[in-house]
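Protein chains in written order, with our numbering: chain W, 1 to 112; chain P, 113 to 225.
Treat each hint with caution, since some may be false.
Going by beta-carbon spacing under 7 angstroms, a handful of chain W positions derived as facing chain P [what the hints assert, rightly or not]:
1) 39
2) 40
3) 44
4) 46
5) 54
6) 58
7) 62
8) 99
9) 104
With beta-carbon atoms standing in for the labels, derived distance ranges [as the list claims (entries may be wrong)]:
10) W:40 x P:134: 17 to 25 angstroms
11) P:128 x W:54: 35 to 43 angstroms
12) P:126 x W:45: 38 to 46 angstroms
13) P:183 x W:42: 23 to 31 angstroms
Calculated from the structure, these hints are not laboratory results. Cβ coordinates follow ideal geometry from the N, Cα and C atoms, glycine included.
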Amino acid sequence: GDSVTQMEGPVTLSEEAFLTINCTYTATGYPSLFWYVQYPGEGLQLLLKATKADDKGSNKGFEATYRKETTSFHLEKGSVQVSDSAVYFCALNLDSSYKLIFGSGTRLLVRP
Amino acid sequence: DAGVIQSPRHEVTEMGQEVTLRCKPISGHDYLFWYRQTMMRGLELLIYFNNNVPIDDSGMPEDRFSAKMPNASFSTLKIQPSEPRDSAVYFCASSLTPTDTQYFGPGTRLTVL
């Protein structure tokens with residue numbers, strides 16, 4: 001079935017380090033891909049999305065490119081801040097479906 | 113817009129008690145989703161409404177769970193009777209269309225003792 005696989009956390013980085021969180025997916029159709037972020041004690045917020053192959057989603061310095069050939073949507077940021085500490089969820093949604101399928105989440109901890 | 117509103121933010125109850133969680137979606141959003149988040153199972157979709165009508169409740173774990181949407185601005189998720197394994201964070205989300213961005217509320221953390 002359709003699924004999303006994320007790298008296991010926690011990921012611990014120093015401030016200003018480069019971030020990559022890996023995400024790969026399995027889908028029978030042509031999904032839209034999302035990254036959601038969950039700050040402590042809060043709900044999920046959409047961080048960025050891409051709806052077709054080769055699209056790049058970007059927001060707040062984060063980027064992810066929809067790679068159909070590798071079925072991946074890795075999240076990157078060039079210089080993380082302490083305020084980026086949160087749990088990051090990769091998700092997919094098929095055009096024919098309402099259902100968001102989430103990965104297990106990756107906790108990011110950024111140290112000063 | 114205030115975003116999706118959920119209440120209460122925290123609920124502690126004893127096994128066997130009835131629990132009601134509440135959600136107010138973003139005005140104009142015709143689709144409402146209830147999710148459950150646990151360490152073991154991650155985020156799971158429980159049920160989804162379109163224009164106040166339940167469309168798919170296949171994710172509802174048991175008959176002890178029920179959800180209603182009496183009008184476009186209010187939904188409830190009820191657990192009766194509650195059990196310790198129901199302890200989780202329950203999120204409500206809404207969207208304009210079923211495949212559009214879903215906007216999540218802050219969640220209700222439920223603890224069943």
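Hints, verified against the model:
no.: 1; hint: 39; verdict: 10 angstroms, violated
no.: 2; hint: 40; verdict: 11 angstroms, violated
no.: 3; hint: 44; verdict: 4 angstroms, holds
no.: 4; hint: 46; verdict: 5 angstroms, holds
no.: 5; hint: 54; verdict: 20 angstroms, violated
no.: 6; hint: 58; verdict: 15 angstroms, violated
no.: 7; hint: 62; verdict: 16 angstroms, violated
no.: 8; hint: 99; verdict: 6 angstroms, holds
no.: 9; hint: 104; verdict: 5 angstroms, holds
no.: 10; hint: W:40 x P:134: 17 to 25 angstroms; verdict: 23 angstroms, holds
no.: 11; hint: P:128 x W:54: 35 to 43 angstroms; verdict: 54 angstroms, violated
no.: 12; hint: P:126 x W:45: 38 to 46 angstroms; verdict: 33 angstroms, violated
no.: 13; hint: P:183 x W:42: 23 to 31 angstroms; verdict: 27 angstroms, holds
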